[in-house]
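Undergrad: Top to bottom, those sequences are chains A and B.
At position 411 of the first sequence (counting the first as 1) the number is 411 in our numbering, and the numbers step up by one without a gap.
At position 210 of the second sequence (counting the first as 1) the number is 210 in our numbering, and the numbers step up by one without a gap.
If you are wondering where the hints come from, they were derived from the structure by calculation, not from laboratory data.
Keep in mind that the hints are not guaranteed to be accurate.
[Unchecked claim] Each computed DSS-like pair below joins lysine-lysine, with the alpha-carbon atoms no more than 27 Å apart:
(1) K215/A <-> K222/B
(2) K140/A <-> K153/A
(3) K215/A <-> K61/B
(4) K104/A <-> K170/B
(5) K222/B <-> K61/B
[What the hints assert, rightly or not] From the derived model, a few chain A residues whose C-beta atoms are all more than 12 Å from chain B:
(6) M61
(7) A115
(8) G157
(9) S311
(10) G312
(11) M364
(12) T400
(13) R402
The beta carbon of each residue, even a glycine, is placed where N, CA and C say it ideally should be.
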Amino acid sequence: MSKRDSGAVETRPPRPEAASTHHRRSTSSRKSPRSSVGSTIVADSSTTTLGLIVKILALSMVTAVAIWAAFPLIDAKAWGWLAGEAVIVASVFFVYLRRPLPMKYLLPGTLFLLAFQVAPVIYTVSTAFTNFGDGHRGTKQEAITSIQTGSVKQVEGSTEYTLAVATRDSGELVFLLTDPDGQAFVGDADGLRKLGGATVDGGRVTAASGYTLLKLGQLSARNQEIGDLKVPTDNGAIIASGVTQAFEAKATRHYDPACDCVIDVETGTQWVADAETGSFVDASGERLPQGWKVNVGFDNLVSVATDPHISGPFVRTLIWNLGFALASTLGTFAIGLLCALAMHSDRVRGQKIYRALLILPYAMPSFAMLLVWRDMFNADFGLINRMLSLHVDWFGGPWTARAAAIAVQLWLGFPYMFLVSTGALQAIPKEMTEASQVDGATVWQAFRQVTLPLLLVALSPLLISSFSFNFNNFNAIYLTTEGAPFPADNTSVGATDLLITYTYRLAFGGAGAEYGFAAAVSIYIFTIVAVISAISFRRTRHQEEVYS
Amino acid sequence: MKRWFMRVGWRHLVGLGAVAFSLFPIVFVISAALNPLGTLSSTELLPTGATFRNAAQLFEKTEFGHWYLNSIVIAGTASVASMFLSLLAAYAFSRMRFAGRRVGLLALLLIQMFPQFLLIVTIFLIFTDISDFWPSVGFNTWWGLVLLYLGGALGVNTWLMKGFLDTVPKELDESARMDGASHVQVFFRIVLPLVTPILAVVGLLAFIGTINEFLMANVFLKDPQSKTLAVGLYGLVAGERNNNFGLFCVGSLLTAIPTVALFQFLQRYIVSGLTSGAVKG
Chain A
1 MSKRDSGAVE TRPPRPEAAS THHRRSTSSR KSPRSSVGST IVADSSTTTL
51 GLIVKILALS MVTAVAIWAA FPLIDAKAWG WLAGEAVIVA SVFFVYLRRP
101 LPMKYLLPGT LFLLAFQVAP VIYTVSTAFT NFGDGHRGTK QEAITSIQTG
151 SVKQVEGSTE YTLAVATRDS GELVFLLTDP DGQAFVGDAD GLRKLGGATV
201 DGGRVTAASG YTLLKLGQLS ARNQEIGDLK VPTDNGAIIA SGVTQAFEAK
251 ATRHYDPACD CVIDVETGTQ WVADAETGSF VDASGERLPQ GWKVNVGFDN
301 LVSVATDPHI SGPFVRTLIW NLGFALASTL GTFAIGLLCA LAMHSDRVRG
351 QKIYRALLIL PYAMPSFAML LVWRDMFNAD FGLINRMLSL HVDWFGGPWT
401 ARAAAIAVQL WLGFPYMFLV STGALQAIPK EMTEASQVDG ATVWQAFRQV
451 TLPLLLVALS PLLISSFSFN FNNFNAIYLT TEGAPFPADN TSVGATDLLI
501 TYTYRLAFGG AGAEYGFAAA VSIYIFTIVA VISAISFRRT RHQEEVYS
Chain B
1 MKRWFMRVGW RHLVGLGAVA FSLFPIVFVI SAALNPLGTL SSTELLPTGA
51 TFRNAAQLFE KTEFGHWYLN SIVIAGTASV ASMFLSLLAA YAFSRMRFAG
101 RRVGLLALLL IQMFPQFLLI VTIFLIFTDI SDFWPSVGFN TWWGLVLLYL
151 GGALGVNTWL MKGFLDTVPK ELDESARMDG ASHVQVFFRI VLPLVTPILA
201 VVGLLAFIGT INEFLMANVF LKDPQSKTLA VGLYGLVAGE RNNNFGLFCV
251 GSLLTAIPTV ALFQFLQRYI VSGLTSGAVK G
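Extracted from the complex, chain A is given alone in its bound form (with noise of 0.2 Å):
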């Protein structure tokens, strides 16, 4: 109990002046030694020769990393990097040949935060005030040229190219093209350029030099690829025709900046930029598939809490959600208790093994249980329904989903919460349940009015990370019942999807890429769970000081 009293006194903000002078006396005699001793050590810590030579090389391996990162920086004229870099080497010096002291232990897993955690989260967010997403992705300018490299088609008299497909050394498709003059030409995405140094053999090239030259099998196994590739020059672009002619055709549409709009040449068609939604708009109200990214401000947002269409779902999702994270996290709570009650006793023989089988779920692999037990609730050949002569659609039924999904929960989480409750019985003194046996209360007293309240002190903060864990548990319903089932007038979401599946469909899945209207989904879903979670613990802690 002496532990938690000290915490508390640490935890506790520093008093303003209000505080009485007996309370900070207190306070500050209980610091004051760690923090002076923390002083001295600064200016110790480098006379020792070890610790300055591990200092020096460790600090130069930092800059011989960093100038073997900064080198491609440079090539690629990658300034922003190369920036980020700069800050990064500059504060791991300053960190480690100066104070503070904290830093050094906090800078190398902050890092790392701050460049695969943090960074991203901003990004996203940022994302959320876009329309970032499927034809919606680049400038206006990128929308324009894949708009005209489009439309491309052979205009007759156009110039024909012998073609070579080949690769670079990083592995990118590249034509090799000869003109009917025997001049030889290299074209990929970014235009056209004479090729110097190449074996022409026949009207075709056959080798050179820094390009691979596929082979028969390579070009069918790259068809699409190849079909795709179009080579921009001043008249239209390059493409194929089948793998070994290639010809010009022209953009049958061109960007006017004098109307602001795409013209098409062959039926006259204008689509007038419009610079709220980013894309090209005709007068009918068509879009062309081809915009660019713009700020929508709040509108993700707003659409999400009033569109009907989205709310309505979102809500349904939402109580869904919630009932999935309680009921597993109480589920395996409640097993993983009962188990760990049972074995609480020297007198079950073979107790050894009964715990060493109990925990052998949360060895097997997740991923790949999570996938065996989706085809063991399979409707024709799955176990269950064999096992037990049923003839159930398991995923097909949105209340038989909800309870397998449930249930696969259950057996992958109950051995962790049988590890922990096992744990926690053993640190609860014997005395407290015997004294309560003796003033006459019975079994089930005991457990209710003793042991259960201290187990809770003791795993609330576990309780509560794993129902923000299942509140999230994206792998529990994508690899099992992907969201099924989905009404047939909604395919957007199903009875089982949680909230991130649903948005993970929104994001990546097949009606088209939207992550704009994702990451703001993704803002409300971070907000629930961050809310919840700072409630429990609230009263968590309130707990805390009732029982202790």
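Fit chain B to the supplied structure of chain A, relying on the hints for placement.
TA: Same frame as chain A, now just chain B:
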């Protein structure tokens, strides 16, 4: 008899029931792994035959050996490195007082609650550039994925370790400092040996988490030889789930071996480590 049941008998009843529940999917996996036909529809709960054909095919038809090695190296390196980074941070949070300490601790929990997969888009963009600049830490490499996993090193595990460190008496490091030890020496010589139980727990949790990680690895590793077990095995049953089921089950059982081995090796530390950290939350 009734008395025996009330005191001991019910314990066996619960135990047997729970063991049956926990084992039957595993027995099914073993049965499928040994099934000579190797299909899902022909697999019964108990083995109907015994063959190593599935195992042999797994190594012949797929890059399973590579996947296995990749998984072990990536999960091993990432869990050890993230354990170390996490312990460093936990040491600072537990032993030092500095501005932003509480905010930092809370932020660690909150950041992890952001839906991770959405970050994939950004991480994909970041690593597209990284692969251009430094192919040795780009897509399809061990070290790129390890770096990515280290982004999650500070998080719930830091809390677990901080909670445990709080229970290690501060007088120990203070007296060592009085004797002239530097803070680095205190960390490596005094603190590190005392926190083995929680290191075992965090290491195991990190290992299980990494070896099961699917989302990031699936985007990151496209080359058949560079895949991890999770990505590779998923690919086996994603298309042809019925025919490859036997192969898949052999693969799953083999995947469990490192985890079970680590588990047995660390078992004596684990129970105490989990709960002593939990008390402090």
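Undergrad: Can we confirm that no CB of chain B comes within 12 Å of the CB of M364/A?
TA: The claim is violated: M364/A sits with its nearest Cβ about 5 Å from chain B, within 12 Å.
Undergrad: Just want to verify: G312/A was marked as not at the interface with chain B; is every Cβ pair farther apart than 12 Å?
TA: 21 Å, holds
Undergrad: Would the least Cβ to Cβ distance between S311/A and chain B come out above 12 Å?
TA: Given that every Cβ of chain B is farther than 12 Å from that of S311/A, nearest at about 19 Å, it holds.
Undergrad: Regarding the pair K215/A and K222/B, is the alpha-carbon distance no greater than 27 Å?
TA: Since the Cα atoms of K215/A and K222/B sit roughly 22 Å apart, the hinted pair holds (cutoff 27 Å).
Undergrad: Would you check the hint for K222/B and K61/B, treating anything up to 27 Å between C-alpha atoms as holding?
TA: Holds - the C-alpha atoms of K61/B and K222/B are around 17 Å apart, at most 27 Å.
Undergrad: Is it true that the CA of K215/A sits at most 27 Å from the CA of K61/B?
TA: 24 Å, holds
Undergrad: Is the Cβ of T400/A farther than 12 Å from every Cβ of chain B?
TA: 18 Å, holds
Undergrad: CA of K104/A to CA of K170/B, is that 27 Å or under?
TA: 20 Å, holds
Undergrad: Would you say G157/A is clear of chain B, with no C-beta pair closer than or equal to 12 Å?
TA: 40 Å, holds
Undergrad: Given the hint that K140/A pairs with K153/A, test it: the Cα-Cα distance must not exceed 27 Å.
TA: The hint holds at about 23 Å.
Undergrad: Taking C-beta pairs only, is R402/A more than 12 Å away from all of chain B?
TA: Its Cβ never comes within 12 Å of chain B, the nearest being 19 Å, so this holds.
Undergrad: Please check whether the beta-carbon of M61/A is more than 12 Å away from every beta-carbon in chain B.
TA: 15 Å, holds
Violated hints, in rising order: 7, 11; the structure is consistent with all others.
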